Amino acid sequence: MSDLSAMQIVQRSRRDNKITGLEIIHQIMPDFMELHGDRLGSDDPAIVGGIATFNGHPVTVITTDRGKTASEKVAKHFGSPMPGGYRKALRLIQQAGKFKRPVICLVNTPGAFPSQEAEEQGQGAAIAQSIIEMGQTPVPIITIIYGEGGSGGALALAAGDEVWMLEHSTYSVLSPEGFASILWKDSSRAAEAAEVMQMTPEALLKQQIIDGIIPENQDHLITGQQVARMLTRELTKLNTLSTAQLLQQRQARYRKF
Amino acid sequence: MKLYDHNNTLSERHIKANRQADRQVPDRMWVECPHCQKTFLAKQLTSFTSCPNCDYGFRISAHRRLEWLVDDFQEFDTDLQTTDPLNFPGYPEKITRLQAKTKLNDSVWTGEATIGAEKFALGIMDPTFIMGSLGTITGEKITRLFEYATKHQEAVVLFTASGGARMQEGIHSLMQMAKISQAIAEHAAARLLYIVVLTDPTTGGVTASFAMDGDVTLAEPHSLVGFAGRRVIEQTIHQRVPDDLQSAENILKHGFIDQIVKRQDEKHTIEWLLKVGGEQRE
Numbered sequence: 442m443s444d445l446s447a448m449q450i451v452q453r454s455r456r457d458n459k460i461t462g463l464e465i466i467h468q469i470m471p472d473f474m475e476l477h478g479d480r481l482g483s484d485d486p487a488i489v490g491g492i493a494t495f496n497g498h499p500v501t502v503i504t505t506d507r508g509k510t511a512s513e514k515v516a517k518h519f520g521s522p523m524p525g526g527y528r529k530a531l532r533l534i535q536q537a538g539k540f541k542r543p544v545i546c547l548v549n550t551p552g553a554f555p556s557q558e559a560e561e562q563g564q565g566a567a568i569a570q571s572i573i574e575m576g577q578t579p580v581p582i583i584t585i586i587y588g589e590g591g592s593g594g595a596l597a598l599a600a601g602d603e604v605w606m607l608e609h610s611t612y613s614v615l616s617p618e619g620f621a622s623i624l625w626k627d628s629s630r631a632a633e634a635a636e637v638m639q640m641t642p643e644a645l646l647k648q649q650i651i652d653g654i655i656p657e658n659q660d661h662l663i664t665g666q667q668v669a670r671m672l673t674r675e676l677t678k679l680n681t682l683s684t685a686q687l688l689q690q691r692q693a694r695y696r697k698f
Numbered sequence: 008m009k010l011y012d013h014n015n016t017l018s019e020r021h022i023k024a025n026r027q028a029d030r031q032v033p034d035r036m037w038v039e040c041p042h043c044q045k046t047f048l049a050k051q052l053t054s055f056t057s058c059p060n061c062d063y064g065f066r067i068s069a070h071r072r073l074e075w076l077v078d079d080f081q082e083f084d085t086d087l088q089t090t091d092p093l094n095f096p097g098y099p100e101k102i103t104r105l106q107a108k109t110k111l112n113d114s115v116w117t118g119e120a121t122i123g124a125e126k127f128a129l130g131i132m133d134p135t136f137i138m139g140s141l142g143t144i145t146g147e148k149i150t151r152l153f154e155y156a157t158k159h160q161e162a163v164v165l166f167t168a169s170g171g172a173r174m175q176e177g178i179h180s181l182m183q184m185a186k187i188s189q190a191i192a193e194h195a196a197a198r199l200l201y202i203v204v205l206t207d208p209t210t211g212g213v214t215a216s217f218a219m220d221g222d223v224t225l226a227e228p229h230s231l232v233g234f235a236g237r238r239v240i241e242q243t244i245h246q247r248v249p250d251d252l253q254s255a256e257n258i259l260k261h262g263f264i265d266q267i268v269k270r271q272d273e274k275h276t277i278e279w280l281l282k283v284g285g286e287q288r289e
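Protein chains in written order, with the numbering used here: chain A, 442 to 698; chain B, 8 to 289.
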């Protein structure tokens, strides 16, 4: 499908003109209402979530957000969530479970934010709780990685039934620069690392880490339509399953690794 | 324990504290505690390989821990082998070398153990095996441990020690976090007790999954417990962070650990928790 090298895909996944989660939401859902806060004392702007209708049915939708202006980007830590962000997402996911509406997660993050506050607020614990609870939530959960899928910070929003990726996205345990610097003590070998790590959509699909790839177009409206088409098809499929079947299939999805 | 069969040169007294912490067994004449930095004769360390001054627990192998932790044990899944999913250059050779050295097939020992009358499923991560990193076999063994415990209605006690993800297995390492979490959820749904003991160091993807899923979370004194690496934090926020930021003591203060337990008290504490901490069954 793609003639690009792994590193070219890494670069495209990080581009400034990348489609954003909020764009996708506003394109394919006519009536998004944002719900703020984790109810534990914080409202991390790097995660935006709420209720919307998709094809006339209610859904819960959650996206990471990098921000547009310089001050937004700083407040959102360039799309790296704080523990409170994951706790907000989990609150909304559990609410979706309560009211039996599907969850759509849109992910583009270099990873969970590394800082003193993040450590003291339990970054590890927040991600851990998100992964374990998401695995048991009794409604369909589909994640789309639309840029960088950075490690545990991405997995925290990608432990549901299906994970899809836009064509020029990545999903990996670490950035290729970090990988090269840890394993080869040489961050300039990032391009080589990107190949070895098999972090591109095609490589990940082959290994069954993801369920499919969404073609990307420079025209964001067309990309949005592709996303909507995939979601319509996959939600219809998941909706035919009983709750027990859904959870069993989800368990099997991760058990095979 | 062989204490005296190495060359004890003067220069060895000046081995850096961190390197000392990485040592599997402090079998040199002099050892420096990586936490309090006091220097001791190796024979002055407690029989639990902890610091006689500050109770810091040195990084030790799973087999060494087994010597004093339990009364009896039966090991599981010794034959599993990583498939090397990324075909990473040199990785199979590295694994073979470590298997010979550690007598483990990957970075965790799992089995069924007893303390007194209590029988339970036990996992001990081994910091001497690629820094306890989370490989596919590590994940598979821990998952099977929970599955066994659920089937046999047993508690799980898990000692964590990990530098985080196994880089050589890439995204497959990350998937272990989700796989293990599923098994923990089933164990929890059966209302069975899960006790975590955080040991030095517990970081990265292990902290961001099964290390933080316990019903009761204990930690060894002064062990490093965190998500992000300290250097990554300092480079990101462009300032120094306090030395004790990721100490078990600071994490306890912020509410993510139930109690800090010295090694010499672990066996008794775990036995008591196994008796009292879970559901009382006939």
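Simulated from the structure, these hints should not be mistaken for laboratory data.
In this text the structure is predicted, and so the values were computed from the model without any measurement.
Keep in mind that the hints are not guaranteed to be accurate.
Said to hold, decoys possible - Part of the chain A face toward chain B, derived, beta carbon under 8 angstroms:
hint, residue
1, Gln536
2, Gly538
3, Phe540
4, Ala553
5, Gln557
6, Glu561
7, Gly563
8, Gly565
9, Pro579
10, Ser592
11, Phe620
12, Val637
13, Gly653
14, Ile654
15, Ile655
16, Gln659
To be verified - Using C-beta positions, here's what the derived DEER-type ranges look like:
hint, chain 1, residue 1, chain 2, residue 2, range
17, A, Lys647, B, Gly97, 19 to 25 angstroms
18, B, Glu286, A, Arg696, 37 to 43 angstroms
19, A, Ala511, B, Asp272, 48 to 54 angstroms
20, A, Arg670, B, Gly97, 52 to 58 angstroms
Positions of the beta carbon are idealized from the N, C-alpha and C atoms, including for glycine.
Verification of the supplied hints:
1. Taking 8 angstroms as the C-beta cut-off, the interface hint given for Gln536/A is violated, the closest approach to chain B being about 19 angstroms.
2. With its C-beta approaching chain B no nearer than about 14 angstroms, Gly538/A sits outside the 8 angstroms limit, and its interface hint is violated.
3. Hint status for Phe540/A relative to chain B: violated, with the closest Cβ pair at about 21 angstroms, above 8 angstroms.
4. Among the interface hints, the one on Ala553/A holds; its C-beta lies about 7 angstroms from the nearest C-beta in chain B, closer than the 8 angstroms criterion.
5. A distance limit of 8 angstroms between C-beta atoms decides the matter here; for Gln557/A the minimum to chain B is near 5 angstroms, and the interface restraint holds.
6. Interface restraint check: Glu561/A against chain B, minimum CB-CB distance 5 angstroms, threshold 8 angstroms, status holds.
7. Against a cut-off of 8 angstroms between C-beta atoms, the interface hint on Gly563/A holds, since the closest Cβ of chain B lies about 5 angstroms away.
8. At a threshold of 8 angstroms, the smallest CB-CB gap from Gly565/A to chain B is about 3 angstroms, leaving the interface hint in force.
9. Look at Pro579/A: its Cβ only gets to about 12 angstroms from chain B, farther than 8 angstroms, so that hint breaks.
10. Of the supplied interface hints, the one on Ser592/A holds, with its beta-carbon coming within about 6 angstroms of a beta-carbon of chain B, less than 8 angstroms.
11. At about 6 angstroms, the closest approach between the beta carbon of Phe620/A and any beta carbon in chain B falls short of 8 angstroms, and the interface hint on this residue holds.
12. Nearest Cβ of chain B to the Cβ of Val637/A: about 6 angstroms, under the 8 angstroms cut. The hint holds.
13. This hint is violated: Gly653/A has a C-beta 16 angstroms from the nearest C-beta of chain B, more than the 8 angstroms allowed.
14. Violation of the interface hint for Ile654/A is found here, the shortest Cβ-Cβ separation to chain B being roughly 15 angstroms, above the 8 angstroms cut-off.
15. Hint status for Ile655/A: violated, given a least beta-carbon distance of 19 angstroms to chain B, over 8 angstroms.
16. Checking Gln659/A against chain B: minimum C-beta separation of about 28 angstroms lies over 8 angstroms; hint violated.
17. Restraint check, Lys647/A to Gly97/B: a C-beta distance of roughly 23 angstroms satisfies the suggested window 19 to 25 angstroms.
18. Checking the proposed 37 to 43 angstroms range against Glu286/B and Arg696/A shows it is violated: the Cβ atoms sit about 26 angstroms from each other.
19. At about 52 angstroms, the CB distance of Ala511/A to Asp272/B agrees with the hint of 48 to 54 angstroms.
20. Evaluation of the 52 to 58 angstroms hint for Arg670/A and Gly97/B yields a failure: the beta carbon distance comes to about 44 angstroms.
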